[in-house]
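A.B. asks: Listed below, chain by chain, are the residues.
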Amino acid sequence: MITEVSLFRTFLVVLQCDLVIGFRQRGDMLNPVVFFLMVVTMMPLGITPQANTLAGLAPGLLWVVALLACLLSLNSLFRADFEDGSLEQLILRPQSLYFVVIAKVIAHWLTIGLPLTLVAPLLGILLSLPAEGVVPLWLSLLLGTMTLSLIGGIGAALTVSLSKGGLLLSLIIMPLYVPVLIFGASSVRFAVEGLPYLGTLAVLGTFCALALILAPLATVGALKMSVQE
Amino acid sequence: MGWQWFHRLGSPRWFYEKTSRWMFWLALVTVVLLIVGTVWGLAFAPMDSKQGNSYRIIFIHVPTAFLALAGYYVMAIAGAVGIIWQIKLSYMVMRSAATIGAVLTFIALLTGAVWGKPTWGTWWVWDARITSMLVLFFLYLGVIALQGAYQNGVTANKASAILALVGTVNIPIIYKSVDWWFTLHQPATLKFMGESSIDISMAYPLLVMISGFYCLYAWLMLHWTRAEIVESEQKTVWVRDLLKG
Chain W
1 MITEVSLFRT FLVVLQCDLV IGFRQRGDML NPVVFFLMVV TMMPLGITPQ
51 ANTLAGLAPG LLWVVALLAC LLSLNSLFRA DFEDGSLEQL ILRPQSLYFV
101 VIAKVIAHWL TIGLPLTLVA PLLGILLSLP AEGVVPLWLS LLLGTMTLSL
151 IGGIGAALTV SLSKGGLLLS LIIMPLYVPV LIFGASSVRF AVEGLPYLGT
201 LAVLGTFCAL ALILAPLATV GALKMSVQE
Chain H
1 MGWQWFHRLG SPRWFYEKTS RWMFWLALVT VVLLIVGTVW GLAFAPMDSK
51 QGNSYRIIFI HVPTAFLALA GYYVMAIAGA VGIIWQIKLS YMVMRSAATI
101 GAVLTFIALL TGAVWGKPTW GTWWVWDARI TSMLVLFFLY LGVIALQGAY
151 QNGVTANKAS AILALVGTVN IPIIYKSVDW WFTLHQPATL KFMGESSIDI
201 SMAYPLLVMI SGFYCLYAWL MLHWTRAEIV ESEQKTVWVR DLLKG
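Residue numbers (full-length UniProt numbering), protein chains in the order written: chain W, 1 to 229; chain H, 1 to 245.
Just so you know, not all the hints are guaranteed correct.
Claimed, not checked - Pairs of lysine-lysine, DSS-like flavour, derived with a Cα cap of 30 Å: (1) H:K176 to H:K235; (2) H:K18 to H:K117; (3) W:K224 to W:K164; (4) H:K88 to W:K164; (5) H:K88 to H:K18; (6) W:K224 to H:K18.
It is worth saying that the hints were derived from the structure and are not from the lab.
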């Protein structure tokens, strides 16, 4: 018997499934956060422990490290599904893969990007980020990490069939992260300097919306190509 | 008359034989233009009042920078044609464009650094256009790295074509962001619309050099693509006959 399943229902099922898997493998979820914490700890050791120097560097440093943490976690986005063959099954369904990809990316963001965003203000205190910068840091990472996950999905899909895809994934995706980094770090810096920062946040929001529409298209194409190999 | 020529263009053998006749003439035009442009630019164009003789590197810097950018679109369009019409020849063009484009971007960055030393007093400035060029270089490297990572040629082609297309959508965004981020570079000197701020006696040799470099690019692309054809078709009869001479 063939039962009709709506697109929205598929979306919810995939999202729920990935979230359950994500929360059960707590290590995978915590590792990026621990990485974030450790690299931020390296900064005062490597540069200077002086609070005023660190405060100037904090917006950029926090953003770069969050970006790296996000990048390092991308490799696993489609890996398990590719290896056990469920990706192939998802592609074989008559429905479009588009919403499945969005669901998977959102699940990735909820388990990786969101925890990073939540601990970021705490790490801001470690780097003596001025208090005015905390809310913009939080908001910019909230919008930014979503975009990073969406764009990163393309790279993850392109390299999923390669056994040593990790570093390559970073190489091909990092140039595409430039705009997000620029506007994300600028929002925080503007706020610290007392300038209006809502404009740059709005641009980040635009990037997020654009990536939400366009990036899954490329991801779908890349996934189909990877499975064909 | 229809789309026959288009499909014929997709045949590596037809392409190889057709372009054999062009190679010599294209090389000749390239050499003539480059020699004329170089001699004119280096020896006869007047000295710049502020920058002295150091500005003369513009005759290499500007053409390579033009082509580095245009080359990305050549690569992406070739990749798109490959994905849409499944033409293997266009993937070969894409691979050639990636390598040549990366080299040209590197030359543009290098000549920019050499030019920056006497004029700005430093090899490297983090300004908008230099940074965008560097990002463009990384985009090229990404496509080349992805191409090299796959064992299977067909998948490698498709993967790098998708990446090239994603890059195409991103290039304007990256450029605008970097532009907004910081700008310290002198504004563009050569404009097609409106009056250009470069003196006419310097603009002519520059235009000759730009056309020379465009011909060089075309020649390199053809040459490289032909080499790709011979390599990937080496098991066919016509390539064996060709190699036997």
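A.B. asks: So, for every hint listed, does it hold in this structure?
C.D. replies: Quick rundown of the hints versus the structure:
Between the alpha carbons of H:K176 and H:K235 the distance comes to roughly 47 Å, so the proposed pair goes past 30 Å and is violated. Restraint check for H:K18 and H:K117: the C-alpha separation of about 46 Å exceeds 30 Å, so the hint is violated. Restraint check: the Cα-Cα separation between W:K224 and W:K164 comes to about 19 Å, which is no more than 30 Å; the hinted pair holds. Annotation: proposed proximity of H:K88 to W:K164 holds, straight-line Cα distance about 26 Å (limit 30 Å).
Pair hint H:K88 plus H:K18 holds up; C-alpha atoms about 17 Å apart against a cutoff of 30 Å. At roughly 35 Å between alpha-carbon atoms, W:K224 and H:K18 are farther apart than 30 Å, so this suggested pair is violated.
The structure fails hints 1, 2 and 6 (numbered hints given earlier, in ascending order).
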